[in-house]
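Enquirer: Chains as they are written, first to last, in the working numbering: chain W, 1 to 407; chain S, 1 to 407.
Fair warning: there could be bad hints in the mix.
Since the list gives no way to pick one copy over another, a pair counts as held whenever it fits inside one copy or between any two copies.
What the hints assert, rightly or not - Straight-line C-alpha distance at most 20 Å; calculated SDA-like pairs for lysine to any residue:
#1 211 - 15
#2 321 - 293
#3 190 - 33
#4 321 - 291
#5 321 - 172
The set of hints was computed from the structure by calculation and includes no laboratory data.
There are 2 protein chains.
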Amino acid sequence: MRAEIISIGTELLMGEIVDTNTPYLASQLSLLGIDLYFTSAVGDNADRLAGVFQRAWQRSDLILTTGGLGPTQDDITREAIAALLGEKLEVNPELKRRIEEFFARRGLEMPQSNIRQATLIPSAVAIPNPQGTAPGWWVEKEGRIIVAMPGPPGEMQFMWQNEVFPRLQKRTGAIILSRMLKTFGLSEAKVDELLSDLTSSSNPTLATYAKLDGIYLRIAAKAERPEQAREMIARREAEVRAILGDAVWGVDDETQEGVVGKLLTTKGLSLAVAESFTGGFLTNILASAPESQRYFKGGLIATTDEAKVSLGLDAGLVSGKASAEVAKAMAALARSKLGADIGIGIEGESAAEAATGMVPGTVYIAIDSEQIKIHQVQSYSGRLYQMRRRAAYYALFDLMKLLKSIS
Amino acid sequence: MRAEIISIGTELLMGEIVDTNTPYLASQLSLLGIDLYFTSAVGDNADRLAGVFQRAWQRSDLILTTGGLGPTQDDITREAIAALLGEKLEVNPELKRRIEEFFARRGLEMPQSNIRQATLIPSAVAIPNPQGTAPGWWVEKEGRIIVAMPGPPGEMQFMWQNEVFPRLQKRTGAIILSRMLKTFGLSEAKVDELLSDLTSSSNPTLATYAKLDGIYLRIAAKAERPEQAREMIARREAEVRAILGDAVWGVDDETQEGVVGKLLTTKGLSLAVAESFTGGFLTNILASAPESQRYFKGGLIATTDEAKVSLGLDAGLVSGKASAEVAKAMAALARSKLGADIGIGIEGESAAEAATGMVPGTVYIAIDSEQIKIHQVQSYSGRLYQMRRRAAYYALFDLMKLLKSIS
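Full structure from sequences and hints, please.
Expert: Quick look at the structure:
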């Protein structure tokens, strides 16, 4: 099946709005195993839209459109499809009733212009849109399919997930399921090398993605039934985990701060942080996690030596170079000053404090608790803000390993 | 001039990469006053790319392409343009020499495959690319222009700003200059209402953009000479400033934290922060500003009442509801504990701590210094992370106003 995506709306051509629908649909099509050959964007202009539709009809089997289904005169996707197929638009009483109900639930009368959203052509069936007033269209004719969806990403994605994706999945005759494994501490090249025997497989597939908080691995399996696909994924996941071990810290929508939070809650432990090099980035990640007040006490951020001394660090210690000793003292300080069971201290230095340019740097991470005191040294090179983020995630990962090791 | 943008590369159709080049070029074309009618993306396939090029050649005067200029067999933009125009690719000795030099400066020999990047057709001139090995192409034939640029955004934008934009500006026969004014504390609707007499003007134009740190206003003027455009912008800017007053806090690439930093440095003052509601977001913004160690001492982040007491706040005070009194005590604490001239305290509460969903909330901001103690109460409704960000920018804006008022 050769697919094509058309985004419709003059606002997309002004450069003020980034079209997120197209990359979303592109990744969804690849999950379905459907080849995407073209994407395009066109304004709200009848002639130009007609040209784009004619071309798509000649070269593609599946045409997905977003936008142009609103109630105003600008919104001409319905008219363009009707003209392409030489069919006539007519008001569908059932659709009209649903749109009237949508407004009635909000205590409003349906504006007359919305009647345009209740029209269909003979080859089209309406696709429900519980998130808005514009139903989608599913059109089949001469062996080709056109799916017209609304432009607002929330409405489009809801319609796609609940209506369009399942129908297309039936056509392709296969179920594709996927699972994301999340790792930290290994480079993408290293992960590729370790998994080289597995990445050449075409089913399940294994793809890597470099993210801020580590390398992600997507396992996707195609099968006739969901349980087969799940079984294939489970087997591949076990193989990957056997190779990568502790580097795998989470799956799907888990976050490092979420995993750490769960471990702390389970063990009944609280956490506090002291940061210099990372400037509050780690504190902000932890404080932003849902319900983190249960286990996260807060952070002490000192950006100058003076401020470190004001907070209670030894003046002789901080006046020297950044060191593991300073990080250890900061971890202990965070613990005592904020009354937490575990303290993390992050201290670091970079060759230059310029915000731009690649610089080498060294970061010292210390974790302090009743039983255990550990520290780590990491050397990096990169832009300063990247190094700060990387250091914060290193600290989270170290803490996660520590928490898993204690009973 | 009717323009069209073509993005070339199979990776754009996989959904893993978002094409940022197209929206960038779209907004740049609108600055030049050139109408963009179509955008499209196509994979590295000779037949499909040929089809897209033929169509574009029929319907557009200016075709901008990104991608497909690399050294490998996948990269077929040069071949596609040559085929479209029925011209022959030949190695240009000067281009070959430049690419060899690019490698030589890095102590490397030019791989044989890079010779493809040194080819031209008779209708094309090379556009320098100091950021990479792939020169762009500027092609003129039969009254139409094709500009082929590399895909990596850094290389493309450098080439666009330094080579392509100036050449196109000469063609359109006019200079367009723009200036961004940045405001805080007014809603977009309020700004529109206050400036309604100015926004209808077609030259200079005035457009508003809602951003995290306030409403931005872009003034763009078209004229024959730069000094005329600058004069038009200056007059319009004076009118806007007369209407919006103190709400305008910066221009172009200035940031709130940068403006605050300059004011603190000029006045020789240092700053510290204590946060609860905002969880370190303000501290992180301030610590991330270039050279902020000169004036920013750090932050104390306490996310629980216990932690506030551990840091030295009065237990009776913090056990009650969030209040201006707590914010004031936090501001004073930040100042004393971190040894700063000025302290900011941010305290707040929201109806629900759920990370999703719209909730109402109230934020208390206090600023404490030798001479001045002020506090503000702000009520919002929104998602929790939006409220936190908004509260942090409110505090920065309050501090900015305070610093401007003291001598």
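Enquirer: Next, verify each hint and record whether it holds.
Expert: Against the structure, the hints come out as follows:
1. Within a single copy, residue 211 and residue 15 get their C-alpha atoms only as close as 26 Å, which misses the 20 Å cut-off; across copies the closest is 15 Å, which meets it.
2. When the C-alpha separation of residue 321 and residue 293 is checked against a cutoff of 20 Å, the pair qualifies only between copies, where the shortest distance is 16 Å, while the shortest distance within a copy is 34 Å.
3. Taking the shortest Cα distances, residue 190 and residue 33 never come within 20 Å of each other, neither inside one copy (28 Å) nor across copies (48 Å).
4. With identical chains, the CA atoms of residue 321 and residue 291 are at most 20 Å apart between copies only, with a shortest distance of 19 Å across copies and 37 Å within one.
5. In this homomeric assembly, residue 321 and residue 172 never come within 20 Å of each other (Cα to Cα): the closest approach is 62 Å inside a single copy and 58 Å across copies.
The earlier numbered hints that this structure contradicts are 3 and 5.
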